[in-house]
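Order-wise, the sequence lines are chains R and Z. Position in the first sequence counted from 1, then plus 78, gives you this note's numbering. Position in the second sequence counted from 1, then plus 78, gives you this note's numbering.
Errors might be hidden in some of the hints.
For chains that are exact copies, the list does not tell them apart, and a pair is met inside one copy or across any two.
Stated by the list, open to error - Calculated pairs, EDC-like style, for lysine to aspartate or glutamate (alpha carbon to alpha carbon, straight line, at most 16 Å):
#1 422 x 393
#2 281 x 155
#3 425 x 389
#4 399 x 389
Calculated directly from the structure, the hints in this document are not laboratory data.
So the chains spell out like this:
Protein chains: 2
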Amino acid sequence: MFRLEAEIIAIGSELLTSHCIDTNSLYLIEKLNSIGIEVKFKTIVRDKEEDIIQCIKNAISRSQIIIATGGLGPTEDDITRECFSKALKRKLIYYPEIEEKIRERFRKRGLSMPLICKKQAYILEGAKVLMNEWGTAPGMKIKEGNKLLFILPGPPKELKPMFEKYIFHELKKLSKQFVCSKSIKITGLTESQTETLISDLYKKIENPKISILAYPGQIEIRLIAHSDKNYEAAESLVENMIDKFRERLKNNIFSTSGEELEEVIGKLLKERKETLAVAESCTGGLLSNRITNVSGSSNYFERGFVTYSNEAKIENLGVPKDLILKYGAVSKEVAEAMAIGVRKIAKTDYGLSITGIAGPTGGTPEKPVGLVYIGLAWKDGVLVTRNQFLGDRESIKFQSTQKALDMLRRHLIQKT
Amino acid sequence: MFRLEAEIIAIGSELLTSHCIDTNSLYLIEKLNSIGIEVKFKTIVRDKEEDIIQCIKNAISRSQIIIATGGLGPTEDDITRECFSKALKRKLIYYPEIEEKIRERFRKRGLSMPLICKKQAYILEGAKVLMNEWGTAPGMKIKEGNKLLFILPGPPKELKPMFEKYIFHELKKLSKQFVCSKSIKITGLTESQTETLISDLYKKIENPKISILAYPGQIEIRLIAHSDKNYEAAESLVENMIDKFRERLKNNIFSTSGEELEEVIGKLLKERKETLAVAESCTGGLLSNRITNVSGSSNYFERGFVTYSNEAKIENLGVPKDLILKYGAVSKEVAEAMAIGVRKIAKTDYGLSITGIAGPTGGTPEKPVGLVYIGLAWKDGVLVTRNQFLGDRESIKFQSTQKALDMLRRHLIQKT
Numbered sequence: 079m080f081r082l083e084a085e086i087i088a089i090g091s092e093l094l095t096s097h098c099i100d101t102n103s104l105y106l107i108e109k110l111n112s113i114g115i116e117v118k119f120k121t122i123v124r125d126k127e128e129d130i131i132q133c134i135k136n137a138i139s140r141s142q143i144i145i146a147t148g149g150l151g152p153t154e155d156d157i158t159r160e161c162f163s164k165a166l167k168r169k170l171i172y173y174p175e176i177e178e179k180i181r182e183r184f185r186k187r188g189l190s191m192p193l194i195c196k197k198q199a200y201i202l203e204g205a206k207v208l209m210n211e212w213g214t215a216p217g218m219k220i221k222e223g224n225k226l227l228f229i230l231p232g233p234p235k236e237l238k239p240m241f242e243k244y245i246f247h248e249l250k251k252l253s254k255q256f257v258c259s260k261s262i263k264i265t266g267l268t269e270s271q272t273e274t275l276i277s278d279l280y281k282k283i284e285n286p287k288i289s290i291l292a293y294p295g296q297i298e299i300r301l302i303a304h305s306d307k308n309y310e311a312a313e314s315l316v317e318n319m320i321d322k323f324r325e326r327l328k329n330n331i332f333s334t335s336g337e338e339l340e341e342v343i344g345k346l347l348k349e350r351k352e353t354l355a356v357a358e359s360c361t362g363g364l365l366s367n368r369i370t371n372v373s374g375s376s377n378y379f380e381r382g383f384v385t386y387s388n389e390a391k392i393e394n395l396g397v398p399k400d401l402i403l404k405y406g407a408v409s410k411e412v413a414e415a416m417a418i419g420v421r422k423i424a425k426t427d428y429g430l431s432i433t434g435i436a437g438p439t440g441g442t443p444e445k446p447v448g449l450v451y452i453g454l455a456w457k458d459g460v461l462v463t464r465n466q467f468l469g470d471r472e473s474i475k476f477q478s479t480q481k482a483l484d485m486l487r488r489h490l491i492q493k494t
Numbered sequence: 079m080f081r082l083e084a085e086i087i088a089i090g091s092e093l094l095t096s097h098c099i100d101t102n103s104l105y106l107i108e109k110l111n112s113i114g115i116e117v118k119f120k121t122i123v124r125d126k127e128e129d130i131i132q133c134i135k136n137a138i139s140r141s142q143i144i145i146a147t148g149g150l151g152p153t154e155d156d157i158t159r160e161c162f163s164k165a166l167k168r169k170l171i172y173y174p175e176i177e178e179k180i181r182e183r184f185r186k187r188g189l190s191m192p193l194i195c196k197k198q199a200y201i202l203e204g205a206k207v208l209m210n211e212w213g214t215a216p217g218m219k220i221k222e223g224n225k226l227l228f229i230l231p232g233p234p235k236e237l238k239p240m241f242e243k244y245i246f247h248e249l250k251k252l253s254k255q256f257v258c259s260k261s262i263k264i265t266g267l268t269e270s271q272t273e274t275l276i277s278d279l280y281k282k283i284e285n286p287k288i289s290i291l292a293y294p295g296q297i298e299i300r301l302i303a304h305s306d307k308n309y310e311a312a313e314s315l316v317e318n319m320i321d322k323f324r325e326r327l328k329n330n331i332f333s334t335s336g337e338e339l340e341e342v343i344g345k346l347l348k349e350r351k352e353t354l355a356v357a358e359s360c361t362g363g364l365l366s367n368r369i370t371n372v373s374g375s376s377n378y379f380e381r382g383f384v385t386y387s388n389e390a391k392i393e394n395l396g397v398p399k400d401l402i403l404k405y406g407a408v409s410k411e412v413a414e415a416m417a418i419g420v421r422k423i424a425k426t427d428y429g430l431s432i433t434g435i436a437g438p439t440g441g442t443p444e445k446p447v448g449l450v451y452i453g454l455a456w457k458d459g460v461l462v463t464r465n466q467f468l469g470d471r472e473s474i475k476f477q478s479t480q481k482a483l484d485m486l487r488r489h490l491i492q493k494t
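Isolated chain R, as found in the complex:
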């Protein structure tokens, strides 16, 4: 499918622990895919000479483009330079001007360069130096036969700008591919419902390549197309497929431009110059938090109440005490009173409310964990849904806020 193929070698024992995610590789894969280069192998290797040398030799034997990251620091563990020297049988050559640049960096911070940093001034014979303006260790570019090797420092704050500056454009030219990728975000359908609706449209189609990611409360369809003609050709492959999906998935699609649900409702409210207030119980502030993660949300978000106790529901939202006594705090009636109450108190166009049982404790046979009532109040009416979510506490909290935001979204677009 893609013509150029690359291999990534991530070097560092810390990458083989359970608490370290190799974000560099995710970044590199994204950038490489965006210019039509497929990654065929990613190897993570600890800081051990024989292991690293073997990885390098393997990579050269099988891949056209190799990007190695990490192990260029000044400590004893950092042996990437030496390993490439041995694997490629190339000498390491001392560059006084690189040492001077490193010394300069320390001087600017009022420090003198520790002796151990001197090794960062050694470069493989025949390599092109990739200067590092964001840290001390320079990168390298090496031509080995018809293979192209890049060595980059491990810290993401150095790797990313260096990749952008020295590698991305060169590889883009080499790749000669134009790539367009977009994603469709969906809520209100399960993964299997989505699959059933659209699978006949994309099975057996290779360009665009389609992948479906399912999260609780959200499905994402990624489309990536390529063309050797121009970007527009790749884009129209993606757009045509999106149009076909839209016919089937309709309003369940809330975004085709990468936006989250809270951003979509933010835009809709802003356009309409309308305002929102929320009252939440079991979600404990997550709904407000998601809404206010959007910069500029103060334009439409007026206030939120986390009415965890019954007293808070009564005192702050004006929910009648009798209603709670009669139906319980987790009930259609209380959700409705919360939504109406918060809208009235905050003097907003919309009031959203959530009351339920997030678990893991607190469930009963009549009102099990995951039972959540969600209310939406507006000028002329109120709507309450009864939901039964599955999952752990955090997942139930998330799904509840997702449903609440989606109820508002569907109400807003339906009005148009």
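Once you have looked at the hints, place chain Z on chain R.
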């Protein structure tokens, strides 16, 4: 350091995209490390026959224990079985009893088995079948010379219980190592302050192995020790080091048992039978959300206000309008009034308040993005801190809530 070494092969093109994190490997690494087995290589390979075969051959040539995951599903892309068959020169043998189990699984759901699932009933010659009670594809265990190979299905919900049931205990016996790992969580110090305080204690020490992870607002020190005698020996290595760290880091340590800050303050409040209410502006509900992520938080968390607008601060918390006009909503005075106000209205022992500028817009030269005032009110007093946080909107929100929780924590332990 560790005697037994393992290699992981993760098979699947989706793992070489930028949106898929290989959580299986993180899980496997954690489990293997916990029994003293070090992972020397992790290779991720796409669904392509020649690539997978090469990975398998490489692994057998260099590693004692190999765990391969993924590619056992029923679709055309799933070729792990065939690749092992070719790499190891072992036939695939049809097991009618496995097909019957798969059929049974479908029958229970009222479905008939799709024909493509039949290939999951094929097992490598000489392999031990690892039955899959959590999905359809069985796993395999293979002895190849003195090497031990395990093949597991990719879905984490199948892989994890299968690893627990069939592999973990066998490898634990083989490893003959006792391992103890703990972590220290710190807030109120930067990474370099932490390093300066403790680096002389652990540099050059290999057992326990120490790693320091820094997040905005939180530092974590991981300690992992091993012994070939017994668990107690490993544990005492870890505990001795923790004691040394504690002497230096004192109250900045909030947990040595893995607990998050919100869990720590939850325990402290529960012990004291005291209650809390919060009022937040720029954090938009995140503080309430974190507090209520702890199951049982309704015992001490009474309510929260997300007073995004000035009106909400005035109406719901009783902040004097003049105070906001005179000092601005982001000020020491307003933070103080919010903390005192929320405590009074909710009738709780403590009131916590946050008001600031989360950015990226809204900053001024006098009140820049990241300026956050945090207030804590109790029976006899009130404390307000002025903070200048760095980072993006979400990071500033997180650091603000971290500081608020930590102010309460320090107040609570100081009272003891």
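Cross-check of the supplied hints:
1. Taking CA atoms no more than 16 Å apart as the test, residue 422 paired with residue 393 passes in both settings, with 14 Å inside one copy and 13 Å between copies.
2. In this homomeric assembly, residue 281 and residue 155 come within 16 Å of each other (Cα to Cα) only across copies, at 12 Å, whereas the closest approach inside a single copy is 48 Å.
3. In this homomeric assembly, residue 425 and residue 389 come within 16 Å of each other (Cα to Cα) only across copies, at 10 Å, whereas the closest approach inside a single copy is 21 Å.
4. Taking the shortest Cα distances, residue 399 and residue 389 sit within 16 Å of each other inside one copy (9 Å), while across copies they are farther apart (26 Å).
This entry satisfies every hint, going by the numbered hints stated previously.
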